Amino acid sequence: GDSVTQMEGPVTLSEEAFLTINCTYTATGYPSLFWYVQYPGEGLQLLLKATKADDKGSNKGFEATYRKETTSFHLEKGSVQVSDSAVYFCALRLTGANNLFFGTGTRLTVIP
Amino acid sequence: DGGITQSPKYLFRKEGQNVTLSCEQNLNHDAMYWYRQDPGQGLRLIYYSQIVNDFQKGDIAEGYSVSREKKESFPLTVTSAQKNPTAFYLCASRKLGGNTEAFFGQGTRLTVV
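Heads up: the protein sequence lines correspond to chains B and W, in order. The C-terminal residue of the first sequence carries number 112 in my numbering, and the numbering is unbroken. The C-terminal residue of the second sequence carries number 225 in my numbering, and the numbering is unbroken.
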């Protein structure tokens, strides 16, 4: 079935370090891919998305490239800040479908 | 401002009682969703609705019920049949068609005491 596998956390980084959170997917069709971020005690906010192969989504210094050949959508940021501390969720939705499939989330803590 | 509002933010319930969580959106979105979030398990779909007066079960619908009498509203009732109701509940909505993303509310944390 369709699913998303995320790198297990928690991840702890020092400020200004490079971040990678791995995400791979299994899908029967051609999904759209999303990264959502959840700050403590809050709902999810869309961080970025990509809707077709080789698309790169970017926002707030975060980037992810839709790699069909490796079925991956890894999240990267060149220099993290303390304010980036949150839980990050990778998700997919098949074209024409209504449901989002979420990964289990990766908690990131950035220390000064 | 347009958005999706869940209330209350925190809810306590005694065992054996039903409780209803509110979700309202003014984004004119067709589809609405309820997810349950537990530590280490990501989000799991409870119910979703694409149109007024119609809804479908998600992966973990047992012990829950919903209604969609208005486009703006999609309340979730956690019944006494739900064995482990303590969780964080998230409501979302989405405009159908195209590659649109879902917008989420702030969540309701339900604790059974």
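Treat the hints with care, as some may be off.
[Stated by the list, open to error] Just the calculated beta-carbon pair ranges, DEER-fashion: (1) B:15 / W:128: 19 to 29 angstroms; (2) B:68 / W:208: 23 to 33 angstroms; (3) W:183 / B:15: 37 to 47 angstroms; (4) B:1 / W:187: 23 to 33 angstroms.
It should be emphasised that the hints constitute simulated quantities derived from the structure, not laboratory data. None of the values given here were measured: they were computed from a predicted structure. Don't be surprised by glycine CBs; every beta carbon is placed ideally from N, CA and C.
Here's how the hints hold up against the structure:
1. B:15 / W:128: 19 to 29 angstroms: Cβ of residue 15 of chain B to Cβ of residue 128 of chain W: about 49 angstroms, so the range 19 to 29 angstroms is violated.
2. B:68 / W:208: 23 to 33 angstroms: holds, 25 angstroms
3. W:183 / B:15: 37 to 47 angstroms: holds, 45 angstroms
4. B:1 / W:187: 23 to 33 angstroms: holds, 29 angstroms
In this structure, the one hint that does not hold is number 1.
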